[in-house]
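Based on the provided sequences and hints, a complete structural model is requested.
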Amino acid sequence: MTIAQVIFVVISAVVLVSAVLVVVSRNIVHAALWLILSLFGVAALFAVLEAGFMAVVQVVIYVGAIATLIIFAIMLTRREMREPGQQTHRWWPLPALLAMALFAGLAWLLGSLPGTGAAPPALAGEDPVLLLGQALLSPEQYMLPFEVASVLLLAALVGAIVIAGDSR
Amino acid sequence: MVPLSWYLIVAAALFCLGLYGVLARRNSVAILMGIELMLNAVNLNLVAFWRYLEPARMSGQVFAVMVFAVAAAEAAVGLALIISLYRLKRTVVADEADLLRG
Chain A
191 MTIAQVIFVV ISAVVLVSAV LVVVSRNIVH AALWLILSLF GVAALFAVLE
241 AGFMAVVQVV IYVGAIATLI IFAIMLTRRE MREPGQQTHR WWPLPALLAM
291 ALFAGLAWLL GSLPGTGAAP PALAGEDPVL LLGQALLSPE QYMLPFEVAS
341 VLLLAALVGA IVIAGDSR
Chain B
-4 MVPLSWYLIV AAALFCLGLY GVLARRNSVA ILMGIELMLN AVNLNLVAFW
46 RYLEPARMSG QVFAVMVFAV AAAEAAVGLA LIISLYRLKR TVVADEADLL
96 RG
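Protein chains in written order, with my numbering: chain A, 191 to 358; chain B, -4 to 97.
Which bits of chain B does chain A cover? Going by a derived footprint, with three or more residues having C-beta under 8 angstroms, they are:
1) 5 to 16
2) 29 to 41
3) 44 to 55
4) 61 to 71
The following label-pair restraints were derived from C-beta to C-beta distances:
5) 91(B) / 210(A): 24 to 32 angstroms
6) 266(A) / 95(B): 18 to 26 angstroms
7) 335(A) / 95(B): 28 to 36 angstroms
8) 266(A) / 49(B): 41 to 49 angstroms
9) 84(B) / 282(A): 18 to 26 angstroms
10) 65(B) / 287(A): 26 to 34 angstroms
11) 94(B) / 279(A): 14 to 22 angstroms
12) 96(B) / 283(A): 22 to 30 angstroms
13) 95(B) / 327(A): 37 to 45 angstroms
14) 49(B) / 356(A): 46 to 54 angstroms
Think of the hints as simulated: they come from the structure by calculation, not from any bench.
Glycine residues also receive a C-beta, built at the ideal position from the N, C-alpha and C atoms.
Structure representation (structure tokens):
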């Protein structure tokens, strides 16, 4: 194995092991902390894929914002959530079976996919971040979805305040 | 060199773990964490496809940015709903939120 493959395998192992611990931990606080490690691993995979901007955004949004939100929600609803009782419902083998079947199907499908063993083409001379910025803001490319996403974020912000705010 | 299929396999495994978390956990916040794992798997796929198939065009990364935006909105609204439910019923267990059951 080359160095790049070793690095990839190590990061993937971290991501997958901590993801397993997210779904099986009995303590919800521990699950949230494992989720943070898993998200960090995905950011590292983005960096390995030479998508530096995505890696930074992953750390800022997921690790910085969403993980903090989740931990706050755990603290605000603490009494029930810290209880280390039964964390899965009694039909849990059914989802486990479904997930394993889905993974087997996907693995079989990916194994039969042509052209997935090739090396990645070299990046063009231009900076990918520059290209991404131009793609997001030029009207003939993705400006409309970008603006719609900002409206969606505003609506979600207002909605979250209205739903969680104290109405009394 | 890491083949594209390795990334796809890791993303598929991450997605299936998230799916298990969503379907099997009782705690609403844990269900949201499963959804976050699934969204991350999708993002990993999008960025890997961008790098290996179309590095000159930014469609893959633009899609991933959109997924980030939607994930942030979903997390904010979802956690607000959970906090609101906790205020109303003093529980975050998904089975016990049965106000609409006939």
